[in-house]
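> Here are the chains, one letter per residue:
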Amino acid sequence: MADYREAPLATRPKTLDPNEYFNLSPEQRRAEEARGAIRANLKRQYQTQLNNPHRQELIEDPALTRWVYARTNPYPHFKPTFKTSLLGAMFGVVPLFALYYIFKTDRDRKEEQIKAGTLERKFSLSS
Amino acid sequence: MDPCFHIQPVNMAGVGFRRWAQALSKGKGSGISALLSGSRAASSASKDSLPGPYPKTPEERAAAAKKYNMRVEDYEPHPDNGEGYGDYPKLPDRSQHERDPWYQWDHPDLRRNWGEPIHWHFDMYIRNRVDTSPSPVSWSTMCKQLFGFIGFMLFMFYVGEKCPSYQPVAPKQYPFNNLYLERGGDPEKEPEDVKNYEI
Numbered sequence: 001m002a003d004y005r006e007a008p009l010a011t012r013p014k015t016l017d018p019n020e021y022f023n024l025s026p027e028q029r030r031a032e033e034a035r036g037a038i039r040a041n042l043k044r045q046y047q048t049q050l051n052n053p054h055r056q057e058l059i060e061d062p063a064l065t066r067w068v069y070a071r072t073n074p075y076p077h078f079k080p081t082f083k084t085s086l087l088g089a090m091f092g093v094v095p096l097f098a099l100y101y102i103f104k105t106d107r108d109r110k111e112e113q114i115k116a117g118t119l120e121r122k123f124s125l126s127s
Numbered sequence: 001m002d003p004c005f006h007i008q009p010v011n012m013a014g015v016g017f018r019r020w021a022q023a024l025s026k027g028k029g030s031g032i033s034a035l036l037s038g039s040r041a042a043s044s045a046s047k048d049s050l051p052g053p054y055p056k057t058p059e060e061r062a063a064a065a066k067k068y069n070m071r072v073e074d075y076e077p078h079p080d081n082g083e084g085y086g087d088y089p090k091l092p093d094r095s096q097h098e099r100d101p102w103y104q105w106d107h108p109d110l111r112r113n114w115g116e117p118i119h120w121h122f123d124m125y126i127r128n129r130v131d132t133s134p135s136p137v138s139w140s141t142m143c144k145q146l147f148g149f150i151g152f153m154l155f156m157f158y159v160g161e162k163c164p165s166y167q168p169v170a171p172k173q174y175p176f177n178n179l180y181l182e183r184g185g186d187p188e189k190e191p192e193d194v195k196n197y198e199i
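For the protein sequence lines, the chains are R and H, in the order given.
For what it's worth, UniProt numbering labels the leading residue of the first sequence as 1, then goes sequentially.
For what it's worth, UniProt numbering labels the leading residue of the second sequence as 1, then goes sequentially.
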């Protein structure tokens, strides 16, 4: 499997990941240790709250609060650029007019056919 | 970043009501305006622990990294192109499927620890949904196998349409001169002989 190519947007298996074999310098190790220290601190805070016998309420997760807040309040950070206006137009404005036009022409054509008596009235459930 | 501890000897249902009543009494204006402004008694989600605008100076970046419990070197905000991210960190697009199943996570079903920064699309990357873990076979092999099978089946169905093969059939043959009397033939008249066989 020397020519393994991963699926787009997926990751390589750990045994083929170059990160495992090449990122071993002291700086990287120190970075990993710093990350471990942050993680251990958070674990300590969580465990302290979890095992507190006087605690009566739920443990609030500030990261979750921040995530929810960020997802629900993107409006202050919105700037009308080319890309955002294009997306807004494509998803908000174009479907409105396009669907109206499509439905209107289809219904008008059907109405004319009915008036002229040429509409095929089949017994099948679809159309 | 220590969360404040609320040690209140009341039951769970009473906590919310008590806080609302406290806010009402300690509110800035009169009671009604405090109720309407939605001010609550002390909670740990203060203004500076919530996401803010894109960080421009290195000090802002360091403060944001600290706020999100990340190293300053690891912290990378989303590009500032007006899509509404603010200073929220851009984490690697990895699904929760890829995390170690044997590590003692604080939330084992989500494979996440308390306080860990959450990916923007976290609800997409949970273990019931999108999976970015490595595929067992390489992409080219998967494509070849899938499209090979589909192509082969389509080809065979096409061949079957062109050259159908089934048991030989013929119209049903009835005795008694093709059922002359049962079909309302005249009993006096002699029917013509119908031979449905060949020897």
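Incorrect hints may appear among the rest.
[Stated by the list, open to error] With the C-beta cut set under 7 angstroms, the calculated list includes, among others, these residues of chain H facing chain R:
no.	residue
1	Leu-110
2	Trp-114
3	Ser-135
[To be verified] The following label-pair restraints were derived from C-beta to C-beta distances:
no.	chain 1	residue 1	chain 2	residue 2	range
4	H	Asp-93	R	Gly-88	22 to 30 angstroms
5	R	Phe-22	H	Gly-148	32 to 40 angstroms
6	R	Leu-125	H	Glu-198	44 to 52 angstroms
7	R	Lys-79	H	Ala-62	22 to 30 angstroms
8	H	Ala-63	R	Tyr-75	45 to 53 angstroms
9	H	Glu-59	R	Pro-76	31 to 39 angstroms
10	R	Ala-98	H	Tyr-103	47 to 55 angstroms
[Stated by the list, open to error] Per the computed footprint, the stretches of chain R lying under chain H, defined by three or more beta-carbons under 8 angstroms from a beta-carbon of chain H, are:
no.	region
11	24-36
12	94-106
Simulated from the structure, these hints should not be mistaken for lab results.
Every residue, glycine too, gets a C-beta built ideally from N, C-alpha and C.
> Against each hint, give a clear statement of whether it holds in the structure.
Structure-based check of all given hints:
1. With a least beta-carbon distance of about 10 angstroms to chain R, the hint placing Leu-110(H) at the interface is violated under the 7 angstroms criterion.
2. The interface hint given for Trp-114(H) is met, as the beta carbon of that residue sits about 4 angstroms from the closest beta carbon of chain R, less than 7 angstroms.
3. The beta carbon of Ser-135(H) comes within 5 angstroms of a beta carbon in chain R, closer than 7 angstroms, and the hint placing it at the interface holds.
4. Range check, Asp-93(H) to Gly-88(R): about 24 angstroms between beta-carbon atoms, so the 22 to 30 angstroms window is met.
5. Against the hinted window of 32 to 40 angstroms, the Cβ-Cβ separation of Phe-22(R) and Gly-148(H) comes to about 36 angstroms, which satisfies the hint.
6. At about 49 angstroms, the CB distance of Leu-125(R) to Glu-198(H) agrees with the hint of 44 to 52 angstroms.
7. Between Lys-79(R) and Ala-62(H) the beta carbons are some 24 angstroms apart, a value that agrees with the proposed interval 22 to 30 angstroms.
8. Distance hint check: the CB atoms of Ala-63(H) and Tyr-75(R) are about 23 angstroms apart, inconsistent with the given range 45 to 53 angstroms.
9. Between Glu-59(H) and Pro-76(R) the CB atoms are about 21 angstroms apart, so this pair departs from the stated range of 31 to 39 angstroms.
10. Between Ala-98(R) and Tyr-103(H) the beta carbons are some 50 angstroms apart, a value that agrees with the proposed interval 47 to 55 angstroms.
11. Here the region 24-36 of chain R counts 3 residues with a CB under 8 angstroms from a CB of chain H, which clears the bar of 3, and the coverage holds.
12. Chain H is given as covering the region 94-106 of chain R, and this is violated because 0 residues of the stretch bring a CB closer than 8 angstroms to a CB of that chain, at least three being needed.
In this structure, the earlier hints numbered 1, 8, 9 and 12 are contradicted, and the remaining ones agree with it.
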